[in-house]
Amino acid sequence: QLLTASILRGRIFMIVSDYLVTADELNADAAAADNNLLPQSADGFDGQLDACINHDAVSRLSQIKVPVLITVGLMDIFTPPAFSELIHRNISQSELSTYPGGGHVHHWEDLERFNRETIEFLLNN
Numbered sequence: 059q060l061l062t063a064s065i066l067r068g069r070i071f072m073i074v075s076d077y078l079v080t081a082d083e084l085n086a087d088a089a090a091a092d093n094n095l096l097p098q099s100a101d102g103f104d105g106q107l108d109a110c111i112n113h114d115a116v117s118r119l120s121q122i123k124v125p126v127l128i129t130v131g132l133m134d135i136f137t138p139p140a141f142s143e144l145i146h147r148n149i150s151q152s153e154l155s156t157y158p159g160g161g162h163v164h165h166w167e168d169l170e171r172f173n174r175e176t177i178e179f180l181l182n183n
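Just so we're aligned: 59 in our numbering is position 1 of the sequence shown, and the numbers increase by one with no gaps anywhere.
To be clear, the hints were calculated from the coordinates, so they are not data collected in a lab.
Note that beta-carbon positions come from the ideal geometry of N, C-alpha and C, so glycine has one too.
Any given hint might turn out to be false.
What the hints assert, rightly or not - Label-pair distances were calculated between CB atoms; the ranges are:
hint: 1; residue 1: 123; residue 2: 97; range: 37 to 45 Å
hint: 2; residue 1: 179; residue 2: 118; range: 18 to 26 Å
hint: 3; residue 1: 118; residue 2: 177; range: 21 to 29 Å
hint: 4; residue 1: 123; residue 2: 158; range: 27 to 35 Å
hint: 5; residue 1: 92; residue 2: 123; range: 23 to 31 Å
hint: 6; residue 1: 173; residue 2: 124; range: 14 to 22 Å
All chains should be built: construct the whole structure from the sequences, respecting the hints.
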């Protein structure tokens, strides 16, 4: 089974906050999923979800010895801010940047800010 528009509509709440603000925008995004030339299978999507839920590398985070920029949308229900805060606490050279109102795709929701912060971080590190 492929990720059809109806499946996408049922799961989209996990990744967006106000990014898709109208039903028309949601329907357009769902239609684009139906027309994707390389669609992801529903099993593949479920596998990604399972990996996100069950993969635990917290004990190894302290081994990271390079600067790390961590960004998180404060409205992200898929990977809540507490997870980013945990990562930040365990990487000594990390910076945490939060996006109020942002969801899982905060980097699309506030692309200008995300790009500016990322470029600044890369130039300074």
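Discussion item. Checking each numbered hint in turn, tell me which of them this model violates, lowest number first.
Written reply: Hint 5 alone not satisfied by this model.
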